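Enquirer: Chain order of the listed sequences is A and B.
Each residue of the first sequence is one higher than the one before, starting from 1 at the first, in this note's numbering.
Each residue of the second sequence is one higher than the one before, starting from 1 at the first, in this note's numbering.
If you're looking for bench data, these hints aren't it; they were derived computationally from the structure.
Remember, predicted model here, so these are calculated numbers, not experimental data.
Be careful, since some hints might not be right.
[Unchecked claim] Below, computed lysine-lysine pairings styled on DSS-like, alpha-carbon distance capped at 30 Å: (1) A:Lys37 to B:Lys74; (2) A:Lys61 to B:Lys54; (3) B:Lys74 to A:Lys2.
[Unchecked claim] Simulated restraints, written as ranges between beta carbons of each label pair: (4) B:Arg53 to A:Arg68: 46 to 52 Å; (5) A:Pro72 to B:Lys58: 22 to 28 Å; (6) A:Lys74 to B:Asp49: 52 to 58 Å; (7) B:Ser5 to A:Glu67: 23 to 29 Å; (8) A:Glu60 to B:Gly36: 31 to 37 Å; (9) B:Pro101 to A:Gln81: 18 to 24 Å; (10) A:Glu60 to B:Gln19: 33 to 39 Å; (11) A:Gly43 to B:Asp94: 33 to 39 Å; (12) A:Glu60 to B:Pro72: 31 to 37 Å; (13) B:Pro101 to A:Ala91: 40 to 46 Å.
Glycine included, C-beta positions come from ideal geometry on N, C-alpha and C.
Spelled out, the chains give:
Number of protein chains: 2
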Amino acid sequence: MKLISRTEELLLLVVCRLQADAYGLNIRDEVEAVSGKRFSVGGVYVPLDRLVRKGMLKTEKGAPTAERMGRPRKRYIITNQGLAMLREARAMHDAMWTGLPEHIATQLRLVG
Amino acid sequence: MKLISRTEELLLLVVCRLQADAYGLNIRDEVEAVSGKRFSVGGVYVPLDRLVRKGMLKTEKGAPTAERMGRPRKRYIITNQGLAMLREARAMHDAMWTGLPEHIATQLRLVG
DNA sequence: CGACTTTCTCTACTTAGTAGAAAAAGCCAA
DNA sequence: TTGGCTTTTTCTACTAAGTAGAGAAAGTCG
Chain A
1 MKLISRTEEL LLLVVCRLQA DAYGLNIRDE VEAVSGKRFS VGGVYVPLDR LVRKGMLKTE
61 KGAPTAERMG RPRKRYIITN QGLAMLREAR AMHDAMWTGL PEHIATQLRL VG
Chain B
1 MKLISRTEEL LLLVVCRLQA DAYGLNIRDE VEAVSGKRFS VGGVYVPLDR LVRKGMLKTE
61 KGAPTAERMG RPRKRYIITN QGLAMLREAR AMHDAMWTGL PEHIATQLRL VG
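All chains, please: the whole structure from these sequences, using the hints.
Expert: The following block contains the structure:
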């Protein structure tokens with residue numbers, strides 16, 4: 001069994017979350033908003049493109065109707081394989097976290 | 001924000017789970033039982049010792065009373081810092097997975 | 001002591017994560 | 001149409017993490 005990395009899981013979820021707005025720099029900002037994790041400007045594209053190479057994401061050119069300055073955006077879209085991988089990651093998480101000894105579970109309870 | 005890797009999270013949780021039996025090869029087997037992930041014989045020790053270096057785990061010599069053959073065991077024990085890191089990992093996971101668009105959430109629902 | 005058992009250490013290799021500089025691709029003004 | 005400004009992506013060199021397997025260590029038992 002090969003597990004997806006946490007960075008990859010996070011990116012996949014953020015792409016889902018942003019839907020039509022899921023392009024590089026926006027993903028970078030949303031990742032930070034959701035998790036506090038920061039990427040450098042170009043830094044997001046490395047794992048993002050790895051996910052494309054692995055078939056978890058696909059890309060499409062940004063909407064041509066946009067009247068914006070600057071280089072056109074590249075939109076990332078999750079594939080069925082990506083969704084499947086997320087389901088698997090979640091199942092793994094659940095398996096890891098269930099059945100812990102009671103006194104440990106107590107200590108792990110989230111404190112407000 | 002620096003996120004713990006999934007491998008490290010898994011190992012930390014398995015150490016918790018095994019309590020007094022948390023030594024290398026046993027951890028390796030339990031990891032496989034819980035997650036399906038396989039390490040090579042010596043393979044577990046690399047991330048395990050990294051966790052020690054980072055202060056998330058500590059070790060102690062296996063119980064001296066044991067009447068077993070072979071090299072003595074090295075028991076791994078989670079530290080308070082390790083527990084804190086697990087709480088953080090869990091909080092991050094929850095943040096990542098909440099607030100997804102409804103149609104995505106539907107597709108991510110675990111199927112039996 | 002020597003053979004056997006069990007567990008750990010070492011290390012070379014592959015893959016993933018990170019940062020920042022530079023290139024691309026568009027708009028707008030002159 | 002050229003040059004400058006803006007926005008976004010690409011490139012690449014570096015550090016950290018994951019993986020496999022051979023071999024060393026430290027015991028027991030005859």
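Enquirer: A separate judgement is required for each hint: does it hold in the structure or not?
Expert: Hint check:
| no. | hint | result |
| --- | --- | --- |
| 1 | A:Lys37 to B:Lys74 | violated, 35 Å |
| 2 | A:Lys61 to B:Lys54 | violated, 43 Å |
| 3 | B:Lys74 to A:Lys2 | holds, 27 Å |
| 4 | B:Arg53 to A:Arg68: 46 to 52 Å | holds, 47 Å |
| 5 | A:Pro72 to B:Lys58: 22 to 28 Å | violated, 53 Å |
| 6 | A:Lys74 to B:Asp49: 52 to 58 Å | violated, 41 Å |
| 7 | B:Ser5 to A:Glu67: 23 to 29 Å | violated, 42 Å |
| 8 | A:Glu60 to B:Gly36: 31 to 37 Å | holds, 34 Å |
| 9 | B:Pro101 to A:Gln81: 18 to 24 Å | holds, 19 Å |
| 10 | A:Glu60 to B:Gln19: 33 to 39 Å | violated, 51 Å |
| 11 | A:Gly43 to B:Asp94: 33 to 39 Å | violated, 25 Å |
| 12 | A:Glu60 to B:Pro72: 31 to 37 Å | violated, 59 Å |
| 13 | B:Pro101 to A:Ala91: 40 to 46 Å | violated, 21 Å |
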